[in-house]
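Listed below, chain by chain, are the residues.
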Amino acid sequence: DAKTTQPPSMDCAEGRAANLPCNHSTISGNEYVYWYRQIHSQGPQYIIHGLKNNETNEMASLIITEDRKSSTLILPHATLRDTAVYYCIVRSMNNAGNMLTFGGGTRLMVKP
Amino acid sequence: DAGITQSPRHKVTETGTPVTLRCHQTENHRYMYWYRQDPGHGLRLIHYSYGVKDTDKGEVSDGYSVSRSKTEDFLLTLESATSSQTSVYFCAISPGLAGSTDTQYFGPGTRLTVL
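Quick note, the sequences are listed as chains A and B, same order.
Convert by adding 8 to the 1-based position in the first sequence; the result is the number in our numbering.
Convert by adding 10 to the 1-based position in the second sequence; the result is the number in our numbering.
Keep in mind that the hints were calculated from the coordinates and are not lab data.
Note that CB positions come from ideal geometry on N, CA and C, so glycine has one too.
Some hints could be false.
Here are a few chain B residues that face chain A, going by a calculated C-beta distance under 10 Å [unchecked claim]:
| hint | residue |
| --- | --- |
| 1 | 21 |
| 2 | 25 |
| 3 | 37 |
| 4 | 49 |
| 5 | 53 |
| 6 | 60 |
| 7 | 63 |
| 8 | 74 |
| 9 | 107 |
| 10 | 110 |
| 11 | 111 |
| 12 | 115 |
| 13 | 119 |
Using the sequences and the hints, build the whole thing.
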């Protein structure tokens with residue numbers, strides 16, 4: 009799976025949009041971009057994933073650049089409960105049984 | 011959230027004692043996984059299962075065994091616990107569908123302390 013690079017930490021004001029970037033310049037054509045987060049002491053939580061089109065669900069939006077070398081996770085109205093470590097992961101098809109590898113992630117601090 | 015429960019949620023035990031952790035799912039997913047999470051190491055795969063009675067080793071399987079006698083339950087056993095197995099253990103599940111990226115969903119974790 010391709011390597012990802014994320015800033016180690018970011019701050020965001022409560023109620024504002026949180027934009028978390030991820031670089032994955034070596035991504036290949038059949039690899040998806042996944043986002044998870046881990047709130048302190050809890051299990052990793054799946055957020056969203058996408059291949060090349062932008063995706064949105066009830067939690068977040070995922071914007072993938074046209075060349076697919078980077079992406080941005082957007083939390084439209086961050087709350088204090090969104091404070092967590094956010095992980096960007098690139099994963100290929102047919103990966104069942106393979107370990108999910110979390111890098112360093114971005115520690116997002118949502119401040120009042 | 012995916013229907014995954016882990017029990018116990020916290021356990022303190024002594025070196026040399028056997029310990030069994032349970033993962034239970036209500037999603038009827040084919041794959042189940044056991045990870046451990048330690049500071050500085052991130053998440054590491056211990057064992058996984060791809061069906062009833064079908065299991066395989068992960069990255070850090072020494073000292074651990076698993077069993078899956080029903081689709082919904084995946085047990086992790088430490089035959090003789092050691093202090094190095096003090097960790098937070100997460101269970102995960104995934105559908106295991108061919109031609110998909112197979113999203114993994116995680117349970118709430120079990121914090122195990124071996125004294």
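- Hints the structure violates: just list their numbers, smallest first. 1, 2, 3, 4, 7 and 8
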